[in-house]
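Number of protein chains: 2
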Amino acid sequence: MIRTNTNYAKLSHRYLFAEIAQQVNTYKAEHPDADIIRLGIGDVTRPLPDAAIQAMHRAVDECADGRTFRGYGPEHGYDFLIDTIIQHDFLPRGIQLDHEEVFISDGAKSDTGNIGDILSTDNIVGITDPVYPVYVDTNIMAGRTLKYIPCHVGNGFTGDIPSEHLDIIYLCYPNNPTGAVITKEKLAEWVNYALREKALILYDSAYEAFIQDDSLPHSIYEIEGAKECAIEFRSFSKTAGFTGIRCGYTVIPKELKGADGTSLNALWNRRQCSKFNGASYISQRGAEAIYTPEGQQQVRATIQHYMKNAQLIRESLAFLGLTVYGGEHSPYIWVSTPDGEDSWGFFHRLLTDANVVVTPGEGFGQHGEGYIRITAFGTWENSLAAMERIKKMI
Amino acid sequence: MIRTNTNYAKLSHRYLFAEIAQQVNTYKAEHPDADIIRLGIGDVTRPLPDAAIQAMHRAVDECADGRTFRGYGPEHGYDFLIDTIIQHDFLPRGIQLDHEEVFISDGAKSDTGNIGDILSTDNIVGITDPVYPVYVDTNIMAGRTLKYIPCHVGNGFTGDIPSEHLDIIYLCYPNNPTGAVITKEKLAEWVNYALREKALILYDSAYEAFIQDDSLPHSIYEIEGAKECAIEFRSFSKTAGFTGIRCGYTVIPKELKGADGTSLNALWNRRQCSKFNGASYISQRGAEAIYTPEGQQQVRATIQHYMKNAQLIRESLAFLGLTVYGGEHSPYIWVSTPDGEDSWGFFHRLLTDANVVVTPGEGFGQHGEGYIRITAFGTWENSLAAMERIKKMI
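These protein sequence lines map, in sequence, to chains L and B.
When the letters of the first sequence are read in order and numbered with the numbering used here, they come out as residues -14 to 379.
When the letters of the second sequence are read in order and numbered with the numbering used here, they come out as residues -14 to 379.
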């Protein structure tokens, strides 16, 4: 008998963004002439930095010649990329990492989804709410018990430190979906909680490149003690437009141990060696190139482009009388629905009346109800057009 | 408390190929001048087909322009690749597949490793022995009970149909590591067993492109009833030199149901949507190009190159009096150790006396003891040099 994983039956029918795509496609089929502007899924629209383009062309050419051809790379990634990451993303912030502590992957979604493989299914998991659905869905798939940590205006969307014990806590700052940031002081409270409770923080820092105020932490390892209690996930998707190229990385310090003294670094290395064969060589060369002086300049220009969209969206919606959050150190703007309208209702109204796709807050969890998420990843023209359409509608 | 997955403690310390790499590196450090020929890990050496190179250059250029830029692709892969696969790999063999039955991924290792996510951990798993270590390791990680199916000369390395009940059976033909093939008649016996026992066959067909005799099955779906009992894994790694590019695919027919009627196709789609974000767009365009007339011609030339190596290795070792198997429809040659020497001992002797790296059969399981695996994926010159060195040594 083929016994399936029955935990899947506890999931919502579809992954959130697949559900939204389905609803938009249905609308589009019924209204083939509708000019739809998509500010729902957090996908980028700007072309890749030229430095990455040139590096990937060179990498493709290397694969065309038997003398420079690369086959299987190391499962944990090439040293040329790992060393570059440590040099640029961590050392300038006073964080020392061994190259065995950085694992290159095909993206942060895979890593945040797969990390549960090395953790027991009886850990109690704390999930901030609203939240990126991957954390919830992948823990439901594993059969873990979830406890939700409400994030609201009152706590700046950073959650109150729990009074109960949790084994694992997911944190993401700058936050998806609320666009909120966390201060070093508040993050230190979370680290201290984890150290006290011997808990694990899974820190998703995929949006750190959008931080405009340098007093805010880019990495959880800027906080003392974090190496004993935290894994950090990073992505090139939003930083450098790599959503289709697929490259990210995960940091697991060697100091990090399970209750029985097991090294989480060793477990993840074993997991990756057995279930992964490395990220594409071409993608890794592209990622390396974004750390060159030209690459850095190009990445900054792209991020400034998106931040200009974010400002436009923030200010336009505020001008229309809506209450907006985020969008200052983040590509996401979190908007209260007008007159307490429910979030799927407002989503449908925006789709049908303005042909603008956003993400209903309820899709991110119970505490996302009453909000929608808008992304700044569109083009300037589309962001502007969307604001004009919403203005006419409201 | 961070409770880790304690099943990992039951694994061997290192993944087999990581262990071999470690031993070779140690030897290399002690003998820096040694000119080592690596015929151990099944990695390719020929450059990529020119059709794939050109397609990947075009894909990189598309990402450089906002009008043609591609961000997130579908989690299950682009239709342009799925449709091409169905058209070329299945329809000519009389196999009809819906495009929702084909899932593109970053490679067969990921998929054979991750497929367990959708299956209950209490399934009893049958593993042919010797075997590709990923099947064993990933099931140990999940805590499943394994039953080994001995593969030996007596059953042509295709295993005897079990008299006991199994829930899941892994089969791989052309086989890694033995190079054995399976006839349609024998594969039908396995399919009939699975249908009778309501079991699932996980069929790894990563080496089908090496089949020289067209009466042998390339796909398990050439066998009647297989759609109700089998998942098939395919890879571009060995077919088209994609070990560093990362692209493969998995077929899950909609007819395939769990004991409670759950669709395995729907479960895998949900898994991929939540834990994967699609294979690299560039890799998918490269894979598509190998199906063009030029791409097909180039792939065939590469495979013939490796098959020439295989013939050289087979005939040279047979001439030296060793007993050899495989290598006729497979890039792997399976060789009895001389005078019953144990496989790690022969591995070490070949490393130190001939500076040739092979894989000790015991690394693939208990029934691999007394054999080594040699791959035909080296260059012609290295394959020839390795044979000359072994000749001097024996």
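What the hints contain is simulated information worked out from the structure, not anything from laboratory work.
Watch out, some of these pointers could steer you wrong.
Pairs count within a copy or across copies, as identical chains cannot be separated in the list.
For lysine-lysine, the following BS3-like pairs were computed, each having C-alpha atoms within a straight-line distance of at most 25 Å [what the hints assert, rightly or not]: (1) Lys13 x Lys169; (2) Lys183 x Lys169; (3) Lys171 x Lys377; (4) Lys(-5) x Lys239; (5) Lys(-5) x Lys13; (6) Lys(-5) x Lys242; (7) Lys239 x Lys293; (8) Lys377 x Lys(-5); (9) Lys242 x Lys293; (10) Lys377 x Lys169; (11) Lys183 x Lys13; (12) Lys132 x Lys293.
All values derive from a computational prediction rather than experimental measurement.
Results of checking the hints against the structure:
no.: 1; hint: Lys13 x Lys169; result: neither (45 Å within a copy, 47 Å between copies)
no.: 2; hint: Lys183 x Lys169; result: within (20 Å within a copy, 56 Å between copies)
no.: 3; hint: Lys171 x Lys377; result: neither (40 Å within a copy, 69 Å between copies)
no.: 4; hint: Lys(-5) x Lys239; result: between (35 Å within a copy, 21 Å between copies)
no.: 5; hint: Lys(-5) x Lys13; result: neither (30 Å within a copy, 52 Å between copies)
no.: 6; hint: Lys(-5) x Lys242; result: between (31 Å within a copy, 18 Å between copies)
no.: 7; hint: Lys239 x Lys293; result: neither (40 Å within a copy, 46 Å between copies)
no.: 8; hint: Lys377 x Lys(-5); result: neither (41 Å within a copy, 64 Å between copies)
no.: 9; hint: Lys242 x Lys293; result: neither (42 Å within a copy, 50 Å between copies)
no.: 10; hint: Lys377 x Lys169; result: neither (41 Å within a copy, 66 Å between copies)
no.: 11; hint: Lys183 x Lys13; result: neither (50 Å within a copy, 42 Å between copies)
no.: 12; hint: Lys132 x Lys293; result: neither (36 Å within a copy, 60 Å between copies)
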